[in-house]
Amino acid sequence: MPLSRPIDQLNRFTAHCDLSAHQVSCERDDRILFENLDLSINKGDLIQLVGPNGAGKTTLLRLLAGLNQDFDGEVRWHGKNIQQCFQDYARQRLYIGHLSAIKKVLTPLENLRWFVSSWPQVKEDDLWQALEEVTLAGYEDVPCQQLSAGQQRRVALARLLITPTPLWILDEPFTALDKAGVAWLEGHLARHVSAGGTVLITSHHALSEIPGLRQIELGVQK
Amino acid sequence: MPLSRPIDQLNRFTAHCDLSAHQVSCERDDRILFENLDLSINKGDLIQLVGPNGAGKTTLLRLLAGLNQDFDGEVRWHGKNIQQCFQDYARQRLYIGHLSAIKKVLTPLENLRWFVSSWPQVKEDDLWQALEEVTLAGYEDVPCQQLSAGQQRRVALARLLITPTPLWILDEPFTALDKAGVAWLEGHLARHVSAGGTVLITSHHALSEIPGLRQIELGVQK
Amino acid sequence: MFLDSYLFFDSFADFLAMGKHGFYVWLCYGITALVILANVVAPIRQRKKLIDQQTRLQRREKKNAS
Amino acid sequence: MWEALKRLYHRMGSPKWFYEISAKWLPWFVVPTVGFLLVGTIWGLAFTPADYQQGNSFRIIYIHVPAALLAQSAYAMMAIAGAVFLIWRMKMAAWVAASIAPIGASFCFLALITGAIWGKPTWGTWWVWDARLTSMLLLLFLYFGVMALQKAMDSEESAAKAGAILSLVGLVNIPIIKYSVEWWNTLHQPATLKFTEESTMAMEMLIPLLIMIAGFYLLFAVLVFMRTRNQVLWHERKKNWVKQYMQSRADK
Amino acid sequence: MSLVTATIKRDLVIAARNPGEWLNPLMFFLMVLALFPLAVDPDPKFLSKIAAGVVWVAALLATLLSLDALFKADVEDGTLEQWLASGESLFAMALGKVFVHWCISGLPLTLVAPLLALMMNLPDEAYSALFFSLLLGTPILSLLGAVGAALTAGVRSGGLLLSLVILPLYIPILIFGASAVYHAGIEMEYVGQLGFLASFLCLSMTLAPFAVAGALKLNLSR
Amino acid sequence: MSLVTATIKRDLVIAARNPGEWLNPLMFFLMVLALFPLAVDPDPKFLSKIAAGVVWVAALLATLLSLDALFKADVEDGTLEQWLASGESLFAMALGKVFVHWCISGLPLTLVAPLLALMMNLPDEAYSALFFSLLLGTPILSLLGAVGAALTAGVRSGGLLLSLVILPLYIPILIFGASAVYHAGIEMEYVGQLGFLASFLCLSMTLAPFAVAGALKLNLSR
Ligand code: HEM
Ligand SMILES: Nc1ncnc2c1ncn2[C@@H]1O[C@H](COP(=O)(O)OP(=O)(O)OP(=O)(O)O)[C@@H](O)[C@H]1O
Ligand SMILES: Nc1ncnc2c1ncn2[C@@H]1O[C@H](COP(=O)(O)OP(=O)(O)OP(=O)(O)O)[C@@H](O)[C@H]1O
Ligand SMILES: [Mg+2]
Ligand SMILES: [Mg+2]
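Taken in sequence, the protein lines are chains A, B, C, D, E and F.
Okay, so the first sequence: first residue is 446 according to the working numbering, each after it adds one.
Okay, so the second sequence: first residue is 446 according to the working numbering, each after it adds one.
Okay, so the third sequence: first residue is 8 according to the working numbering, each after it adds one.
Okay, so the fourth sequence: first residue is 4 according to the working numbering, each after it adds one.
Okay, so the fifth sequence: first residue is 6 according to the working numbering, each after it adds one.
Okay, so the sixth sequence: first residue is 6 according to the working numbering, each after it adds one.
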């Protein structure tokens with residue numbers, strides 16, 4: 446995937462990331478997934494959660510994104526509990542999970558338009574460019590149900606090009622992507638981090654060396 | 446994942462694989478996915494379909510599995526059109542697609558029991574062993590909705606250990622598996638091939654070198 | 008007995024018959040008894056099951072630990 | 004005073020405290036429950052005179068009315084417990100609410116079935132669409148809705164919250180439902196079928212009724228205690244005090 | 006154990022785990038019955054006149070609503086795909102699914118209807134007619150309904166579409182069923198209507214499964 | 006454009022692409038109306054007497070059926086997750102969704118009901134009452150229904166459960182709506198009933214969205 450233009454929008458965000466977890470513990474069905482976890486995530490970090498299936502990566506990610514309140518401990522954004530400053534936090538982080546929130550009857554363009562509706566500064570032109578960059582040029586007006594698995598994922602990932610948030614939380618973003626797509630995404634994550642952004646992902650995929658990459662291993666005790 | 450016992454059931458199948466595609470063409474939405482494709486798949490082959498997202502890998506796979514009749518050309522099993530000998534063909538190949546056919550309220554064991562109901566020679570004991578081998582020992586009685594993404598995939602893949610079919614057709618089987626799982630599955634595919642079986646998969650994952658591995662590239666012309 | 012004089016019915020058969028309404032009255036009281044009984048028995052059985060299950064689990068855990 | 008109340012509230016929020024104290028209280032509830040129910044039943048069945056209009060069938064009143072009253076107040080209690088859970092996140096309240104639902108539903112069922120049986124000799128039919136009968140039927144539906152919703156949820160947390168939200172919505176609606184059904188009923192049905200007026204009830208009939216009402220409420224308390232105790236054991240099964248408790252029972 | 010019996014067993018187990026599956030149609034039946042006196046007129050004489058029709062309409066609607074889920078779950082989780090891939094008889098599968106559906110919707114409804122008819126003040130003479138007409142009629146509702154459910158299984162918002170497809174087919178059953186009960190109530194002969202229902206049952210038992218199988222195959226070429 | 010207006014717009018576009026979404030409730034309404042004369046008695050005088058009640062029952066059932074899909078699709082494809090992640094007001098979202106639902110179910114129904122009432126031989130005097138009672142009543146049906154739909158959104162076989170939860174709450178609306186029409190038909194005053202509906206509408210407009218928002222949050226901790 447050629448990177449056809451400078452990613453100016455990466456520098457649009459002004460806030461920086463300061464997310465921390467304090468003594469976070471979580472158990473499901475009598476099994477402790479993680480216990481008294483401390484974590485501090487800052488500007489320029491690229492953190493990959495790794496661990497075997499069922500280790501609790503998704504659970505931790507959702508909990509850090511503020512989408513799961515069923516745990517002990519506290520998650521803070523700039524020193525405040527995320528539930529107390531949720532609106533503020535929500536505008537500074539992007540969460541893309543297993544489910545892509547893509548409506549199958551709508552076209553990629555219409556889907557993107559919905560995704561960015563909270564950011565009035567995003568222009569229509571940006572959407573077209575983003576789609577072009579994820580090599581979906583020519584598919585702008587095809588209903589998403591006619592796209593292949595990987596193409597649908599690209600629509601979801603196009604958000605990474607347009608929403609100006611410093612923190613990205615991504616659950617298995619490489620799923621269904623082809624080789625070129627994987628390479629592009631890796632490069633894009635690296636650029637985001639080097640521009641002062643922060644990335645938190647789970648992936649079973651071995652990331653190439655990116656400066657700032659840190660791995661956190663879950664579920665080794667099992 | 447330790448391989449705790451010899452995979453005796455691999456040798457249970459008696460038929461061998463002889464699948465061929467003749468001048469198969471397929472188009473979707475005015476785009477030609479592939480044209481006049483000829484393909485011959487035999488005993489001991491391990492064929493990986495590769496290609497960018499949207500190239501038509503899933504489409505070709507389903508067509509070869511006999512699940513899609515919307516194409517030109519012919520697919521033959523031992524020289525006969527597969528639609529004419531569908532029952533016979535169906536008993537000799539295993540198809541695992543994106544959807545896993547797992548019922549979320551049932552336990553892994555109950556799900557497996559359903560999968561193998563066409564093969565009376567499979568014993569209850571085999572199911573337990575298969576679950577153990579995909580490291581789901583201890584989860585036999587947990588409803589599948591409480592399993593993680595990778596664990597659910599393992600339930601589906603446990604079928605590879607028990608259904609005695611020579612030909613396996615797998616669409617992105619590595620999705621959601623952790624590293625150990627990927628290694629195990631690669632090993633298992635290699636063993637199946639070396640025991641005289643045949644494997645046809647799509648995957649964006651770079652398979653390690655396995656004797657007999659052949660790649661078919663789709664959608665390069667784009 | 009001194010209460011006898013306050014008894015409304017003259018005989019036990021009368022009592023059962025309830026002046027033609029015996030069926031309805033006894034049906035009501037019977038159903039009520041059943042429903043109350045079921046409501047009492049259900050939690051007792053549930054409790055027993057729960058305790059059995061938990062002690063068995065704990066015993067197994069202990070065995071595994073040692 | 005305020006401090007004492009606050010302390011009581013906090014203690015009620017503690018499952019362990021509840022479990023231990025309810026074990027002590029239970030006998031003090033069970034004995035009067037059995038007593039009141041026995042006395043009330045025998046008195047009502049054998050000692051009160053028959054109604055001059057309805058004959059002996061009126062003896063059904065000793066079940067019917069207590070069950071009907073209880074079914075209605077149980078719903079309110081369930082909804083209030085749900086609200087306490089939603090607002091203060093007190094888990095005990097959720098467990099109490101979950102315990103009340105099936106009990107309340109079964110008393111509601113009792114009121115309906117005894118009413119229906121009573122209707123046959125008095126009105127000549129098992130069922131009429133009278134205001135009180137109809138709103139009782141709707142109350143039963145509300146109970147079923149709450150129970151079905153709680154059952155259908157996978158996670159216990161969601162089940163408790165969903166049940167609480169629904170029972171609160173239902174609580175807001177109950178007066179509206181009752182009002183509308185009564186208004187509808189007076190519209191369609193002139194007062195041909197009427198319950199016996201409470202005010203005209205003789206003392207000798209009223210006293211056993213009051214005893215039975217007290218007995219039913221006590222019974223309700225006992226049943227809620229029993230179920231909530233089970234809930235406590237289940238939800239706290241991984242806590243040390245439950246483990247020790249189980250251990251001590253196993254050792255015995 | 007063949008795949009058909011395994012499926013029947015599995016579906017019954019699922020229904021047993023989700024009591025809602027068979028309790029909810031019953032409750033719905035009861036509620037629709039209650040709507041009429043409330044909306045129209047609670048006068049017992051009036052009710053007794055419309056009882057036969059209303060009970061049948063309520064039974065029909067309850068069945069209709071429970072149909073939506075008949076194949077949908079199987080399509081969505083890939084079970085149907087596996088069925089088609091297995092090469093086993095779709096006719097048998099269709100019959101099996103209908104049988105399970107009737108067991109958890111039509112049968113309980115038939116058993117409970119006489120009790121509920123009390124509330125509608127159904128004439129005493131009509132009870133046996135009610136029971137037998139429902140006993141013969143509800144399997145037809147399930148059979149015809151399965152055709153509609155199979156046709157709309159892959160469709161978004163299929164629930165209402167299903168009603169549209171199916172309701173016209175239900176009309177004759179409704180007319181004969183309700184008229185059997187009504188005639189019994191005014192002490193007239195009703196053997197003719199039951200005879201019609203019985204012969205229609207035989208007819209649909211032999212034809213509907215073919216239609217269901219055909220409709221399910223439409224899902225093949227997705 | 007805020008996320009709320011974007012969602013409203015998106016949902017309306019989806020409804021426009023799937024005409025079934027708003028046509029199906031109408032067709033269902035029509036069919037239930039058609040069932041009655043067939044099942045009960047086609048005598049015009051009789052029909053004219055029951056018309057008011059039956060039209061209201063049919064409208065209620067049609068709304069009920071269309072509710073099932075209200076949040077389900079959003080839960081399944083991750084749209085709701087993105088809503089929760091966005092930190093925007095769930096109250097506004099709930100109101101927006103209800104508004105769209107009313108636009109595609111209640112409104113068309115209200116507009117078409119007078120036409121269909123012709124088939125039921127509704128007295129001439131009752132038409133305006135029918136129209137206004139539906140105009141005030143159907144938004145309440147949507148509001149209360151949304152509570153049920155939100156509560157059952159994550160639940161398997163939610164459709165019937167939804168009816169179970171919601172029907173008792175619908176009774177007052179049914180009673181007052183049907184009685185307004187009935188009274189208009191016999192040339193009596195019906196302002197009181199409409200007044201009740203109007204005040205109930207205000208009440209539910211202020212309270213129901215809170216309940217919906219709370220219920221939607223249940224999906225947080227999945
Ligand atoms: C299925 C049928 C019936 C149901 C659901 C039903 C329901 C109720 C309810 C809910 C109450 C409590 C009223 C309150 O809260 O104040 C009640 C009270 C009462 N019912 Fe019934 N009833 C039924 C049939 C009957 C019949 C057939 C009779 C006698 C002819 C009857 C006689 C009474 C009396 C005497 C009271 C107490 C008096 C009062 O509270 O005003 N009921 N019933
Ligand atoms: N809804 C649920 N109810 C109960 N337990 C659950 C639920 N969801 C997940 N779990 C349990 O939590 C554990 C962690 O699940 P999670 O999805 O976080 O794993 P994961 O690390 O993301 O795995 P994978 O690599 O397979 O995606 C699993 O063992 C699973 O059994
Ligand atoms: N239902 C459909 N209707 C129309 N076109 C479709 C449909 N399904 C897929 N297509 C088109 O067929 C093409 C091939 O899709 P397919 O799913 O086979 O790709 P793939 O090679 O498996 O891609 P991926 O690597 O993303 O899984 C896509 O470009 C898609 O647009
Ligand atoms: Mg995961
Ligand atoms: Mg694919």
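You may find that some hints are simply not true.
Listed below are the simulated BS3-like cross-link pairs for lysine-lysine, each with C-alpha atoms no more than 27 Å apart in a straight line [stated by the list, open to error]:
no.: 1; chain 1: D; residue 1: 154; chain 2: D; residue 2: 242
no.: 2; chain 1: E; residue 1: 54; chain 2: F; residue 2: 14
no.: 3; chain 1: D; residue 1: 154; chain 2: E; residue 2: 14
no.: 4; chain 1: D; residue 1: 94; chain 2: D; residue 2: 255
no.: 5; chain 1: D; residue 1: 181; chain 2: C; residue 2: 56
Keep in mind the hints are simulated off the structure, nothing from the lab.
Right, here's what the structure says about each hint:
1. Distance check on the hinted pair: residue 154 (chain D) and residue 242 (chain D) sit about 25 Å apart at the alpha-carbon level, within 27 Å; holds.
2. For the hint linking residue 54 (chain E) to residue 14 (chain F), the alpha-carbon distance of about 48 Å lies beyond 27 Å, and the restraint is violated.
3. Distance check on the hinted pair: residue 154 (chain D) and residue 14 (chain E) sit about 22 Å apart at the alpha-carbon level, within 27 Å; holds.
4. Of the supplied pair hints, the one linking residue 94 (chain D) and residue 255 (chain D) is violated, its CA atoms being roughly 31 Å apart against a limit of 27 Å.
5. About 41 Å separates the Cα atoms of residue 181 (chain D) and residue 56 (chain C), which puts this hinted pair outside 27 Å; it is violated.
Hint violations for this structure: numbers 2, 4 and 5, all remaining hints satisfied.
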